[in-house]
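Trainee: If you want the building blocks of each chain, they are given just below.
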Amino acid sequence: MTPILRARDLTMRYPSGSSPALDAVDLDILPGESVAIMGASGSGKTTLLHCLAGIVRPTSGTVTFASGTGPVQVESLDDAGRARLRREELGFVFQQGLLLNELTALEDVAVARMLAGVPRAQAEAEAGQWLAHLGLAGMEQRRLGELSGGQAQRVAIARAQVGGARLIFADEPTGALDSATSVEVLDLLLDAVRQGRTLVVVTHDADVAARCARTVVLRDGRVVSDWAPAAASAGVSR
Amino acid sequence: MSGLTTALRLAPLFARRRDGDRLTVALPLASFMVVTALVELVVGGAQAFFRWDDDLGGTYQLLAVVALVLLLVPLATVGASAARLAARRRDERLASLRLLGATTGTVTALTVLEAAATAFVGAVLGTALYGATAPLLGLLHFRGAALGSQVWLPWLWLPVVVLGVTLLAAASAVAGLRAVVVTPLGVRTRQRAGRAHWVRAVVALVVLAVGSLLVQSLGMLGSAGGVVAIVVVLAVAFGGALLALDAVGPWVVRLRARRAHRRATTVPALLAARMILEDPKAAWRQVSGVAMTSFVGVFGAVGLAFARVTDTSTLSGDERWLMQDISTGVLVTVAGSFLMVACSVGINQAATTLDRAAVHVSLDRLGVPRAVMADASRRSVMSALWIVAGGSALCAVLLLLPLVGMAVFLQPVAVVTAAAVFAVGFLAVRGAAALSARLVPGILASPERVL
Ligand SMILES: Nc1ncnc2c1ncn2[C@@H]1O[C@H](COP(=O)(O)OP(=O)(O)OP(=O)(O)O)[C@@H](O)[C@H]1O
Ligand SMILES: [Mg+2]
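As you go down the protein sequences, you meet chains A and B in turn.
1 is the number of the first residue of the first sequence in the working numbering; add one for each residue after it.
1001 is the number of the first residue of the second sequence in the working numbering; add one for each residue after it.
Check each hint, because a few of them may be wrong.
Chain B is nowhere near these chain A residues, computed Cβ spacing over 10 Å in every case [said to hold, decoys possible]: (1) D9; (2) A83; (3) N101; (4) M114; (5) Q141; (6) S225; (7) A228.
With the Cβ distance kept under 10 Å, some of the chain A side facing chain B (calculated, not the full set) [unchecked claim]: (8) G70; (9) V72; (10) L85; (11) R86; (12) R87; (13) T104; (14) M139; (15) E140; (16) R143.
No lab work stands behind these hints: they were computed from the structure.
Just so you know, even glycine gets a beta-carbon here, dropped at the ideal spot from N, CA and C.
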């Protein structure tokens, strides 16, 4: 199967850092996978995610994304091109939610569609359906500051999916939640995977990782373990 | 341990962290510097007239007071902007400190210390700037002679001004931080929405009506109380009108934004309306300085036209000088108010942009094109600007109309002056918006500072 995302020799050096935050990482992510990225604090998880998602440009190495219209070299796109890629093809769920506090839940999700040229009324209708689907019916008009952490993450999950993104990136999506709410939020992310999307989730939480199909562990910017329990039970490790 | 000792121990830590974001320090510092220099120039210029003690000297002094009033209001807004900026991003750090359990005393002491130190250094630099620019002010001619060294303030005033600026900055830092101390969580999550109530509109209308009545009875008051009465009435009417405008402005801005929000069909329009609705007062503040220039501009236009239509053939030599000097004074006042408004608009917009840094980063991560972000910011500024400029010009005309009559407004010099003032006001705001938009790439280049 062609990977949806292929990273080769990915290296990232921050100007102020002495050792690289990412050191020659190779990684293939297959369509429909759920991949947990784990590792100690400072091991390069967020940096890897940002490079894969085109938020920052790696110092060297390549990232190939299999978009609907053919392969895209993410690292060679300019700022506008990477912004377009994030907007049109990728979904994001981060710890702080990256939500716009002045918007209502409905608007926050609808804006993602409006940016794609969908008229406001239709965008809001689609957004409303997603919010209801994620258990937020009745909260459409709440401003985001008025939602709990778990509810805010549901809004983010709705927004990540409303545009039909095939690949969702999550950076510690449960980092600020209690364990019961964490389970609910992860359930929703894994639902998205069941519907055919691909999930890359950075987490410190072993319970979250255990429910993903595959776990990649980083140490000092290198992949030190890449483990798929399902495959492992068949005697295969990657 | 007392709050102050803790604060003193923490202060160097904060000072060191700062070199990461120099802008947070540089902007307030520059603002306090400009404010101080302007205060000293304005007061220095005004007191120059108080060295005359002949017949017409009294008239000059009264006009100087009018100009001082017209300039002090915008100056106060620059000062307030600078103080707000000084207390700005520190809010968040302090809210964090508070979450970590620092006492109210520590948080307050640390803030006051920082704001006061910034203001003090800025004020000292500003005094140096005053020293460098006062000779330019001295070049102005009144009664046919240059003001020259008369514009120098007695040296004892300088430390007084520096101290005053420092104290005011400290005081407004205390006022601005009460919210943080009371609700650390509220500030960290930015949940507070600005309020703007219709009661303000009623109050403002009453103030305007009273001002208009006062101005209409000016002739009567003038014959009873002389020039003093006229000046007092004018100062009260204009000061009141400006305050009224400031009270009602945020409310009108919010009404318009609500409508814009309902009708928005594009993302920039929707975001702009929401930005304004989130904090109508902040939206107003970004451009409210223009109310001053519109006001001063209309006032100045009338003054110029008035000096022009007065028949000078029957006047004595001194009185002819007076008419000419009114024109000079008007131009200087208008120019001065523009300088201050440009500063205040620039400072406020920079502060707003930095305040919204996290939003910019979020939007960028989500792939929102930078052009869309810039468009949204621009819309939020410009929509408020129309209300400010139009509303204030209307107020000024309504106040002055009964006094000087329509003929003066139709003088070409009045029309041209007013038009020029508006054009420059718009350019100043657009320029400030463009400058503060330049902060955005820097914010996006180092998002770890805001997230
Ligand atoms: N903007 C930056 N500038 C300089 N160094 C950075 C920057 N961002 C990250 N680093 C450094 O790169 C390394 C990897 O950071 P990264 O944020 O990817 O770690 P992480 O695994 O996500 O950690 P955590 O679990 O704490 O979120 C760290 O040593 C960090 O200090
Ligand atoms: Mg991280």
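Trainee: Each of the hints needs a verdict: does it hold here or not?
Mentor: Hint check:
1. D9: holds, 25 Å
2. A83: For A83(A), whose nearest Cβ neighbour in chain B is about 5 Å away, the distance does not exceed 10 Å, so it is violated.
3. N101: Violated, because the least Cβ-Cβ distance between N101(A) and chain B comes to about 6 Å, which does not exceed 10 Å.
4. M114: violated, 5 Å
5. Q141: Since the minimum Cβ distance to chain B is about 12 Å, Q141(A) lies beyond 10 Å and the statement holds.
6. S225: Non-interface label stands for S225(A): nearest chain B Cβ at 27 Å, farther than 10 Å.
7. A228: holds, 29 Å
8. G70: violated, 19 Å
9. V72: violated, 14 Å
10. L85: holds, 7 Å
11. R86: holds, 3 Å
12. R87: holds, 3 Å
13. T104: Where the cut-off is 10 Å and the nearest Cβ of chain B is about 9 Å from T104(A), the hint holds.
14. M139: violated, 16 Å
15. E140: Violated - the Cβ of E140(A) stays beyond 10 Å from chain B, reaching only about 15 Å at its closest.
16. R143: Since the shortest Cβ distance to chain B is 8 Å, the answer is holds.
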